[in-house]
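> What follows is the residue order along each chain.
Number of protein chains: 2
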Amino acid sequence: MPAMPPKISPLAPERFPEIPSIAGVRFAAGACGVRYRGRTDVLLVEFAPGTTVAGTLTRSLTASAPVDWCRQSLPGGVARALLVNSGNANAFTGRAGVQAVEQTVRGVADVLAGRPSQVFVASTGVIGEPMAAEKIVAVLPALAKDLAAGAWEEAARAIMTTDTFPKGSVRTARIGGFAVTIAGIAKGSGMIAPDMATMLSFIFTDAAIPAPVLQALVAPAVDRSFNSITVDSDTSTSDTVLVFATGSGAKHPPVTDAAAPLVADFRAKLEEVMADLAQQVVRDGEGAAKFIAVTVTGAADDRAARRIALSIANSPLVKTAIAGGDANWGRIVMAVGKAGERADRDKLSIRIGGIQVAKNGGVVSGYDEAPVVEHVRGRSVAIETDVGIGQGRATVWTCDLTHGYIEINADYRS
Amino acid sequence: MPAMPPKISPLAPERFPEIPSIAGVRFAAGACGVRYRGRTDVLLVEFAPGTTVAGTLTRSLTASAPVDWCRQSLPGGVARALLVNSGNANAFTGRAGVQAVEQTVRGVADVLAGRPSQVFVASTGVIGEPMAAEKIVAVLPALAKDLAAGAWEEAARAIMTTDTFPKGSVRTARIGGFAVTIAGIAKGSGMIAPDMATMLSFIFTDAAIPAPVLQALVAPAVDRSFNSITVDSDTSTSDTVLVFATGSGAKHPPVTDAAAPLVADFRAKLEEVMADLAQQVVRDGEGAAKFIAVTVTGAADDRAARRIALSIANSPLVKTAIAGGDANWGRIVMAVGKAGERADRDKLSIRIGGIQVAKNGGVVSGYDEAPVVEHVRGRSVAIETDVGIGQGRATVWTCDLTHGYIEINADYRS
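Sequence order for the protein chains is H and U.
Numbers 2 to 415, taken from the working numbering, label the letters of the first sequence in order.
Numbers 2 to 415, taken from the working numbering, label the letters of the second sequence in order.
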């Protein structure tokens, strides 16, 4: 049983947001005891008929059985339910893991009178331990009876593992003059690295969006949100982002093109919800005491900029320097150098907290460290570097590396 | 002034090895006060005329001025002297950094009556601070007078930064029936990542080896030694491995081909010295409490095997689990999955301390964790994984990630 760190991240938002019900979405959370005691650990979400789904899944080559299941079901584009459990990732569990997914999916299809291929699943927790699917199946009838609209915070809590706070976000978007709601929940705290989305995030909207259009909206937004965060450079076997569009009661004009001006506001708000949730994951990074935004400009292209930004954001030496309130910008230079992307050392410039520290390949003349140290000692640190090559730019969010991370991870599981 | 952690790594060798003098190599260490007080911080090495040199340098795009200098001089293949200082890396110091190198190199050429292009230099320490070259130049005449054979431990101490023990290694090799000596020193403890060699290592031999042959011997040996270690995935701007062959008094037959049977023993012993020094760097990894060997077999090729091994060895979650004495092998599965190289999840097998933990994509039946936990709680941990694709194999060495790393790096420099 993992010892959960009792205290809430100092970077946590003040409160869980007020999120209205979304037509066509009902939740029920329960305790099935797969691993944890005295808390909820399973979430069932039911969707109205006609709900479409899009998503992105981990690119890990040791992906979990639930991820394999979702990858197979996503092209269908239709969702009737989502089942999420915490405590066991059902990853690296071989044939038994596949059977566990099939068993739970069938269980959900039975209680909701739906098709297994329209039931999406996600599991998070320990890797490599057989999962007691029967414990989940046993609580499904009770969950089906409990289904109700709007229990967002409860839903977010049921999917937590080492998270210290539940994560939610909501925006209202307009499509052709009609308001729709986009709301989501997420979990994640460690084993967080980009290029694969966060561990788990589920986003819901009452807009009516055909699955292929939804997928075209989701992919670029995930790149600029979940794929732009890192806690520890370790990529989960379970990373899953799913977006469900119920269309329940939607009055807006038909959406047929992800690039159309009709969905410009929806697209922007969807990315806002994703970026908000992604940043909450970083704010709950294991042991995090500081929130760090790394912006790289002047790279060969945006992809190169993101790789350089990630090299900085993943550097243990940069992260520990910031943890120690040390304005050791030489470590930023090092991280740019190891990124493997083009950078002109002799044009490199660095700003920390908006203050120019280095330019043209050297420290600025008359450099005064005092205000930079003051910034780095705060809760929120901004690093900007221009690498002097081209127009590429990217921002990545991360947290510092502290004793808390070591404490949580040297003890978790045993 | 960095607060040096006072205690010696628990993984340190019992003592510095006995290393004989090498004909044609003379050392002098001194204190010039570039950064540290009360310790030596500059090393001058003089070589007999006709000494050849080969080496590998960091691939960092923000390489230091001394690295740029060595890259320019290496094709000459001839070395008259080596100058190393600790405390300031002379990296990201712009035009002033280049001038500092020129000034010190000229100083050495003057006191030894040699050519600047035959003087090799290396600097290690803080990045981004202007280096007071005049302090180094000022002590050169005294160093030149002090030059003497055989002061290996003193030499190794003068180049230390956060190292907790001096690193040396020696082997005797036979070339055509004649004995030659290969001896080296190294420094490095943090900012250690492969693909670039360790921070600094200098190896000396009295064999007579033409520079192109020496280079052909050095490159593959570096790949299997310094390029196969990692402490924290951070790559230094100063990584330098230089090998000097004096040929002084050598009686062996002429060496003209790196692949010839004549140099088979030399080749093997050179790699042994490099592997010994590389492993000592890991044993002095910042905060290290355990030495970890990661072997990957069954990969598509050796390069793929090394990337997978490095993914495991660089994973903060694997390293913290081992620090905590936790046999959390699910994190090894995760690290294989994120490596980006082909792996067959359903054929994956894992051994820890020689004990089979998982095979064919799942935990072994009747798995008994107790002996595995006992192994992981020891000072030396062996992880082996077969990824079920091909014949590629690689071994990488690393250390665990502990509170010590955070302590050293949240405070270093400030």
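No lab work stands behind these hints: they were computed from the structure.
For clarity, every value in this text was computed on a predicted model and none was experimentally measured.
For glycine and all other residues, C-beta sits at the position ideal for the given N, C-alpha and C.
One should not assume that every hint holds.
Pairwise CB distance ranges (calculated) [unchecked claim]:
no. : chain 1 : residue 1 : chain 2 : residue 2 : range
1   : H       : P50       : U       : R343      : 36 to 44 Å
2   : H       : D69       : U       : G77       : 52 to 60 Å
3   : U       : K8        : H       : S366      : 19 to 27 Å
> Each hint: holds or not?
Verification of the supplied hints:
{"no.": "1", "hint": "H:P50 / U:R343: 36 to 44 Å", "result": "holds (41 Å)"}
{"no.": "2", "hint": "H:D69 / U:G77: 52 to 60 Å", "result": "holds (57 Å)"}
{"no.": "3", "hint": "U:K8 / H:S366: 19 to 27 Å", "result": "violated (40 Å)"}
Hint 3 from the list above is the single one not met by this structure.
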